[in-house]
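Got chain A sorted already, so can you dock chains B, C, D, E and F onto it with the hints?
Residue numbers (UniProt numbering), protein chains in the order written: chain A, 1 to 136; chain B, 1 to 136; chain C, 1 to 136; chain D, 1 to 136; chain E, 1 to 136; chain F, 1 to 136.
Heads up, some of the hints might be wrong.
Identical copies go unnamed one by one, so any copy, or any two together, can satisfy a pair.
The calculated lysine to aspartate or glutamate pairs, modelled on EDC-like cross-linking and capped at a C-alpha distance of 16 Å, are [stated by the list, open to error]:
1) Lys50 - Asp24
2) Lys133 - Asp101
3) Lys135 - Asp101
These aren't lab readings, by the way, just hints derived from the structure by calculation.
None of the values given here were measured: they were computed from a predicted structure.
The chain contents come next:
Number of protein chains: 6
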Amino acid sequence: MSNPPIVPLIEYENASPEVRAVYDDIMATRKSDWINNFWKVLAHDPAQLKRMWESLKEIMGPGALDPLTKELIYIAVSATNGCEYCTYSHTAAARAKGMTDPMLMEVLAVAGKANETNRLANALRPPVDEAFKPKG
Amino acid sequence: MSNPPIVPLIEYENASPEVRAVYDDIMATRKSDWINNFWKVLAHDPAQLKRMWESLKEIMGPGALDPLTKELIYIAVSATNGCEYCTYSHTAAARAKGMTDPMLMEVLAVAGKANETNRLANALRPPVDEAFKPKG
Amino acid sequence: MSNPPIVPLIEYENASPEVRAVYDDIMATRKSDWINNFWKVLAHDPAQLKRMWESLKEIMGPGALDPLTKELIYIAVSATNGCEYCTYSHTAAARAKGMTDPMLMEVLAVAGKANETNRLANALRPPVDEAFKPKG
Amino acid sequence: MSNPPIVPLIEYENASPEVRAVYDDIMATRKSDWINNFWKVLAHDPAQLKRMWESLKEIMGPGALDPLTKELIYIAVSATNGCEYCTYSHTAAARAKGMTDPMLMEVLAVAGKANETNRLANALRPPVDEAFKPKG
Amino acid sequence: MSNPPIVPLIEYENASPEVRAVYDDIMATRKSDWINNFWKVLAHDPAQLKRMWESLKEIMGPGALDPLTKELIYIAVSATNGCEYCTYSHTAAARAKGMTDPMLMEVLAVAGKANETNRLANALRPPVDEAFKPKG
Amino acid sequence: MSNPPIVPLIEYENASPEVRAVYDDIMATRKSDWINNFWKVLAHDPAQLKRMWESLKEIMGPGALDPLTKELIYIAVSATNGCEYCTYSHTAAARAKGMTDPMLMEVLAVAGKANETNRLANALRPPVDEAFKPKG
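Chain A on its own, in the form it takes in the complex:
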């Protein structure tokens, strides 16, 4: 059995109107009928809950990049940081948006390789090539 959360989960039925409004928007946006646990711990700070949900809704929606590509980036970063919860939640989200297992394995191959070469460059300190420097 894993350890309990650091703050208790705030369920819909015990939530303040302010928190319920965010929960309602999460479910409406996702066309789902439940709230995942990340929001139930964040609800201890209703202002933070609202700010985070509204930012994520804006950032993860379609734009210059499509939502699936954004989920893949989220997985790569979460793997890099070793966030267990985020790995499960964003893998599930990406699969719901069409990520196949071969796509997941390629995301991780790239993320793994970046983690490797990042350290080689940080240790050996090659100067940035002139050709790579942006021109003002």
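What follows is chains B, C, D, E and F alone, placed relative to chain A:
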């Protein structure tokens, strides 16, 4: 002036035949006529140089994901790890493959947000929702 | 000379009205007459600029914690992540809010020690003591 | 059930006199009658146990910063590094020193935001503003 | 009970000939009759499985450094990154190659201290001493 | 020109007797006649300076591991954390203790690979094999 690399750059004219063979393949694959500094420091270990180049060529090429998406993932991970050289080199590579500034800014918005929520989840420890757990 | 930014700085005189509105609010809030470079690169994505500024203004203001304590936490995290720009900007911000050098040195002593014990715990894997587990 | 520790816990009754002396000082300093598991794994290296305890006692005590502020910084760093044990132990320690849930949520809001902006700055590479550079 | 893997384990009896060939080489190289779970998840991408195994076999074998020293370095990095699986697998591997508990405790003392001083240096930004700069 | 340190360097001639005593011990221990910049910034907190130096002297000396192996571990961790100063200072220290370039390249090959596989394991979440779990 930035600090010198930890090992000197090995230029083509001073490289062993083994190293030159890799340099030649890098230039042929990229249809370019120069080698960037990352390879010139890695060349101090010719076996590692060859292994790294061949892995990267395989991983970063087209597959279940297209090469541009892979470069975006590379940028997100390099930003997360704070690798200066990699930020410059992979931003340049992504631009050469079609990344626009709005795409770059969205990659970073997603990567930034993932870095933020990763820490909230790691600190508050919400249990992984049953719905997110893969079914064997 | 350090490397150029990945995207050019957007100065006030070249900024769109949307960006200028954020710049104006930054200067009004801080009672200052200039904009630091972090915002000038973020301005390439005006929506992100606005979202980030409004979040930071809300988060870093007085609340359950005072603004100086928040700056000290910011420094500790930035040191942990090795962010050069953030180290300079938040050290300056903390000093403007009253941080003395002895306070800075203590922040870093604590942050350094946390970085050390985090790894010992992550490697040796002691079970979480029952007494430390929050009671539902 | 979580995985066992990498080295067995050394309980007081099985500890050497050298280890017991440190355990005794921990309990006397904390006015408690038990030792948490972090020390019981570290006790496999009595010199390291003693060094770590004495450093922590010195660093975490009152100084230019008060002990509660120091615990908040510890939580922020532990969240950044994803240390599960440390998150539980230092949240408990901070609560014992007066941290309320609103304070915890603000620590994490700041730490989360720092983790986000650290990556934006590390990726976009704005030059450090002259005004932020310390004067010799 | 811990959470299930993100992709199911591929056991030998269900593996493709391509995957079995790698599994066979792993067992032959290690003179063992079983495959650990890391490879069973990686097997979802047979090309990545093969590439990773062949790289690791080459890198972790004897060279300018002996295999035990390499395992110690692996533990130090895995502790730094907070990888639970890797901590268990590489501690076991190192013990099989002769690592004693006092050696493990010293690896972690060094890794912990490096994690501490890395942050002090990244925060206080001392210039690199001329004497430390490699001569071209 | 790189950015100035966050706090000024404290040179021997301007140091307090307490700081000079540490500087003297550093030089005597190393049989050298100069102090590197890391200590000159840390000297703003004489107690921290003394504690850090005494810990490092104890940890990095001969024990279950030899001093050169310890320097190699230090380099691997510093590369993982992206600490520029530490990379230069510990590469120089390791070379002074006998590290050759082929040894350095192998340290980095191992550290790079660990950084890669750490992320694959953290993302795919294979359960820890029973055979890897320490027996109480």
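Evaluation of the provided hints:
no. : hint            : in the structure
1   : Lys50 - Asp24   : within (11 Å within a copy, 25 Å between copies)
2   : Lys133 - Asp101 : between (36 Å within a copy, 15 Å between copies)
3   : Lys135 - Asp101 : between (39 Å within a copy, 13 Å between copies)
Going down the numbered hints, you'll see the structure goes against none, and every one checks out.
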